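S.K.: Sequence:
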Amino acid sequence: MTTRVEAAAGLRRGQVAAAAGVNIETLRYYERRGLLPEPERSPGGHRLYAPEAVTVLRIIKAAQRLGFTLDEVADLLELGRHRHGNRVDAGLQAHAKAKLAEIEERIADLETIRENLRTALDAGCDDLTVCANSDCCPLPFVQITTRTNPDRSL
9 MTTRVEAAAG LRRGQVAAAA GVNIETLRYY ERRGLLPEPE RSPGGHRLYA
59 PEAVTVLRII KAAQRLGFTL DEVADLLELG RHRHGNRVDA GLQAHAKAKL
109 AEIEERIADL ETIRENLRTA LDAGCDDLTV CANSDCCPLP FVQITTRTNP
159 DRSL
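Following our numbering, the numbering of the sequence shown begins with 9 at its first residue and continues without gaps.
Any given hint might turn out to be false.
Claimed, not checked - Derived DEER-like restraints, expressed as beta-carbon distance ranges: (1) 111 - 135: 30 to 36 Å; (2) 134 - 59: 57 to 63 Å; (3) 129 - 75: 27 to 33 Å.
Simulated from the structure, these hints should not be mistaken for lab results.
Only a predicted model underlies this, so the values are computations on that prediction, with no experimental measurement involved.
Glycine included, C-beta positions come from ideal geometry on N, C-alpha and C.
Model the full structure from these sequences, guided by the hints.
M.R.: This is the structure we're talking about:
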């Protein structure tokens with residue numbers, strides 16, 4: 009249990025990691041990446057984190073679950089640090105809209121993949137080489153291997 013003196017001085021690495029539901033290596037990695045500010049040090053050299061570090065870690069993990077990369081999370085955190093007053097910053101809105109469009113595109117790609125796999129299963133395809141050289145092959149090898157949009161990656 010944390011005493012008042014410890015709470016005023018800050019939280020140690022293990023306490024922060026446990027409270028945020030991450031392991032210590034994750035905490036160290038995020039610190040190296042600059043996602044967390046470098047903590048103060050106790051007279052004994054222990055890292056002492058502000059209680060807000062737990063919130064930042066939870067935000068990072070939630071953003072990752074929403075599909076944001078760590079680079080994108082870093083951008084979002086930076087935008088949040090530079091907000092002034094009540095000004096609405098389009099940062100989160102713009103990032104969320106872009107991420108949603110990206111996710112919807114990936115879902116469409118996955119649906120196409122699912123349909124191609126179902127077609128292969130229904131046709132009983134068992135050998136890709138034989139199937140690819142057959143006129144009756146149900147798999148659209150040319151369409152699968154040809155990109156219609158060079159910016160899209162599957």
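S.K.: With 57 to 63 Å as the target window, see if residue 134 and residue 59 comply at their CB atoms.
M.R.: 59 Å Cβ-Cβ, so the 57 to 63 Å window holds.
S.K.: Do residue 129 and residue 75 keep their Cβ atoms within the hinted range of 27 to 33 Å?
M.R.: holds (29 Å)
S.K.: Is the distance from the Cβ of residue 111 to the Cβ of residue 135 consistent with 30 to 36 Å?
M.R.: Given a distance of about 35 Å, which is inside 30 to 36 Å, the answer is holds.
The structure fails none of the hints (numbered hints given earlier).
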